[in-house]
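Participant: One-letter residues, chain by chain:
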Amino acid sequence: MSILIDQSTRVLVQGITGKEGLFHTNRMMEYGTEIVAGVTPGKGGDWVFDKVPVFNTCKAAVLASGANCSVIYVPALYAADAMLEAVTAGIKLVVCITEGVPLQDMMRVREYVDNCGARLIGPNCPGLLTPGECNVGIIPGDIAREGNVGVVSRSGTLTYEVLHTLSESGRGTSTCVGIGGDPISGTSFVDILRLFEEDPGTDQIVMIGEIGGQDEERAAEQIADRLSKPIVAFVAGRTAPAGKTMGHAGAIVEGGSGLADNKIRALREVGVRIANHPEEIPELLK
Amino acid sequence: MSILIDQSTRVLVQGITGKEGLFHTNRMMEYGTEIVAGVTPGKGGDWVFDKVPVFNTCKAAVLASGANCSVIYVPALYAADAMLEAVTAGIKLVVCITEGVPLQDMMRVREYVDNCGARLIGPNCPGLLTPGECNVGIIPGDIAREGNVGVVSRSGTLTYEVLHTLSESGRGTSTCVGIGGDPISGTSFVDILRLFEEDPGTDQIVMIGEIGGQDEERAAEQIADRLSKPIVAFVAGRTAPAGKTMGHAGAIVEGGSGLADNKIRALREVGVRIANHPEEIPELLK
Amino acid sequence: MKLYEYQAKKLFAQNGISVSEGYVAVDEEGAKNIASGFGGDVMIKAQVLSGGRGKAGGVKLARNSEDAAMIAGEILRLEIGGYKVRNVLVEPAIVIKKEIYLAITNDRERKCPVLIASGAGGIDIEDVAEQEPDKIAREYVKPFMGLCNYQVRNVASEIDLPSRLWPEFVQIAMALYDAYVENDATIVEINPLVVNEEDALIAVDAKVVLDGNALMRQPEMRENIDWGAGQEYEIEAHRLGLSYVALDGQIGCLVNGAGLAMGTMDIIEYFGGEPANFLDIGGGANEEKVAGALRIILRDDRVKTVLINIFGGITRCDEVARGLIAAMNEVDVEIPIVVRLVGTNKDEGLRLLEDSDLILADSLVDAAKKAIELVKALGKDDRYEHSD
Amino acid sequence: MKLYEYQAKKLFAQNGISVSEGYVAVDEEGAKNIASGFGGDVMIKAQVLSGGRGKAGGVKLARNSEDAAMIAGEILRLEIGGYKVRNVLVEPAIVIKKEIYLAITNDRERKCPVLIASGAGGIDIEDVAEQEPDKIAREYVKPFMGLCNYQVRNVASEIDLPSRLWPEFVQIAMALYDAYVENDATIVEINPLVVNEEDALIAVDAKVVLDGNALMRQPEMRENIDWGAGQEYEIEAHRLGLSYVALDGQIGCLVNGAGLAMGTMDIIEYFGGEPANFLDIGGGANEEKVAGALRIILRDDRVKTVLINIFGGITRCDEVARGLIAAMNEVDVEIPIVVRLVGTNKDEGLRLLEDSDLILADSLVDAAKKAIELVKALGKDDRYEHSD
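Chains as they are written, first to last, in the working numbering: chain L, -14 to 271; chain F, -14 to 271; chain H, 279 to 666; chain U, 279 to 666.
This is chain L alone, in the form it adopts within the complex:
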């Protein structure tokens, strides 16, 4: 079992004929993901890898393919339009890989997505992986195996590190969700933790946070109130200085808010086991 994506997920790729789009479409298909359509304005009627029909608009693509998930590889300044287009076309799960989407765009996109009752993962995220079933985004599929650990993370390669460590220790993942490192994104820890709590295929959860914002603190509140499954967390950035953006636009300690230590304290207080470094995670799992 899994959350958000599984064998029945029918994926639409926005920006499919671009360099990134083509490359990852190929990888996702190799993994066994069902890519049912692509969209590139003006390229409607083309085919990708002789298998995936390309449409001019999401509207047309969804009508023709019955896609229920979209993954976006379009350039940053066009990403907001692509997200709005996907949601308007009726897609309920939109995954935006694109990095560098302007912040004000994201505020508007978020408002619209929420109003439409859709879910957006990202932007600036590695996407989702349900091992053995479906890979949507850019997570290397071979580093994770099937299992009962749900993984949710604000990071990219750090997530891979954790998936790798889990695999090395003989553990597997139900679903891995990279929610992205931007200050304003579609999905927070709380959202994903709730989904894992309800997923019978997930027995325990690994949460990878980082400095900046209050997302981990909000998650701690939820954990105290509503979550029963065991959780192990690693929060990156204990050594990060204040006032400096640490690569991710969202990873910044500002005015005393967003400190790793505060996040760790909040999570520890509600019973989350805290890993000192990624390789400690497997030992802390039950």
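All clues given are correct.
In silico DSBU-like cross-links for lysine-lysine, where the CA-CA straight-line distance does not exceed 35 Å:
id: 1; chain 1: L; residue 1: Lys4; chain 2: U; residue 2: Lys567
id: 2; chain 1: F; residue 1: Lys229; chain 2: H; residue 2: Lys376
id: 3; chain 1: F; residue 1: Lys4; chain 2: H; residue 2: Lys567
id: 4; chain 1: L; residue 1: Lys77; chain 2: H; residue 2: Lys413
id: 5; chain 1: U; residue 1: Lys420; chain 2: F; residue 2: Lys77
If you are wondering where the hints come from, they were derived from the structure by calculation, not from laboratory data.
On the provided structure of chain L, position chains F, H and U as indicated by the hints.
Facilitator: Only chains F, H and U this time, still in chain L's reference frame:
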């Protein structure tokens, strides 16, 4: 019984210290309407008629007074802001008397009001009257008496004519709702007909339409599907030429749409009795 | 509140839309000079605020500058839809590969702006809508969100616009939407938007209608409005803040409130009469307004009687009566006037009118019947005598 | 992406906000001329991109033009927060009746813009927020709807602004919001917004921070950014598209991915070492990037070893290895380097590195421990020798 307003309605007047606001506040109070607060930015702390406290903002006024209805007499270019302010402050029934509100303002206001689950009556409307209980707007209270006829109208003085005719014939009104003559307004016939259908104090309904738009046709569809109470309708403008605005911004026959005859036909087909002129209405009531 | 084509084009050009290049001429000489400046074929287009100028002979091709002068002269002598042609726009004729219709207007049903496009441009969109509804693509715009690029692409794909033109088409539609919002327009329309020989998109005709309610916050647009166009009585009605629409009948109407004014016209017709006009004097009714309204009604000499219907609410009947009496003294009225007063201070109002020549009525039906009687008494054929 | 005060003020002035009048001087002579032009007291303000210039002596009052020259000279010799002061802004001193704080920024929790105001202006708003939270009024803005007048009035009433100033205050806040949206800012701030002797509202200081992600669509703003300010290594990191933050330790870090880079720093500290920097080389890892990253790390001579941690995903380890080898040939490296490669094409990558001097590690823990060992072997006091 009545719809929307009754003895328990606590009215906030926006633009209370203006000429129109003062005049009608006085009239509404004389009628017995409970005016609990007024708003005029910058006049917070003043009192009107030594009875009604004036606040700077709706937020403060609603907090202090528990107002649950707002009536707006502010100039046209400020009316949209006033409507948004009232709704944001938590008012669920906003009545905008102001005429001449720009159309694009109204599209935005309508979207917001709908999103907030509030109800807007108007703009460019005479307001509401529940005889003997509450008068919100500018309808002369003395022309209507208490009774079981619900009245809903897109017009102003034509509504008074109908209320007058009903009174002359010995009939009374449960509630009279002037929904206003603008092309984009807060409430349509359909909305009010549904409320009358559910109101035990309303036994039959008078509907006063006019040329322009499709509101009467939409009402006819509803009447066919869901409404059981007897309805008498008068539709003004059978003699109006196409392409000319007849006073109300919304009263215009455009491209063959909005003709009085089409509206009359649609209503007649679903069993609505059609009055040839206002004075015929009482005879057609049951 | 409509703009002239040349004003609309200027507006669109300011927003970055390519429009056909042209200049306005007020006489034959000017048209000739402009045409010879361009060289080659030019289009001479009447600048009027009414539609249907094509059918009225207001748009013509000229082969050279002499031709241009002659045609401009002809067009400048036209009156189209009640408007005298005062200016012509002279533009180089464009070779047209394809004509597109593109507009943004407000959708009354959905309470939002709507982007409308069709591959069948250049002709009346209402005809297309009726005969080939599939050829029209629409996208509804969320008022707060505004038009999105993807919506324009949806429309572009539905009207089969070649994809090489999409980026330009998107830019034009977005600019058009900006023009719609920034200027508080109710319609912005390009018809036709032409694909020319160089495969570029050019606005060859342009239409902008502004929201009169928003003019107060659009000072630039207010200056663009030609308040002096149209019939004199329309200008006068506008000046007085009256709503007036001329009709063909013999019974003039003077009413407070638009709905009641229509109701009054309807009742006249129902009882066999013919209303001469729609007239709403609005709230309040001072002497100047009543007098002005009477003058406008009486300027039409087909009018044989006037029906004044006042429902006093906020407006007090006694005030109206005083306004009426003063107006009657001011305006030279030679035909009978029926008055029906009801509502606030009705009794006082009627008392004031007791000594006047006005014919008083008890109800709207009574008033209508009395007015019709008066007209009938003048003889059946009377209404036609002035049309000879 | 911060603007200088004088640029921010120009931006606000373009949007119709009254700002204090001033000119920029690059030397004493210029400051003197400007001051004598104004006459009377002037403020001399360092133009730097870091905060805290007041405490650093970068803002001073000058009584006359001689005084102005002297003070400008002093300020122009300062370095504030790592930035050399290259310009000063010279403005007439304003008599202050009241100081207000007014800003618009993004609220991360609520995912929307927020209007923030306080009657306690002129000082650090974070101090006010901590000590007197009641003195701060906030209004959250719906992104699509934008700031509404009533929201500004809410704020005005909560900070007890005299109502005679409300219309002006509303106009300023709306203009500030426009500036925020139009320029893709993340912060627009006026602190203080001053009520002057004439009871007018004047922006006396101004701050604008732009969203770097949006600069591509803000060509004018892009030109305003002073890309050459700050330390040389920051400029170089920016040029190469690297994320680099200097720290105080001895172990340089070169990592692909921001989260993993922080994780690498954390693990170094966890095992008793001290990271010298945060460095994310991003996706891919060509020779130029790796070489540039190494150069930036090594410019800090406190660095005693470098830990390279690469998780191959889309990035292939063999490509990174080739980039590394090429970079090592290009950069003069005299200290030991620990490399940990994992993920896509790891074996090929390791094989390529077999013959190099690089110290290979099996895991992140192994790499951290090895790097720490290397530093310890160099002697405990070594890190302080260069700070003498």
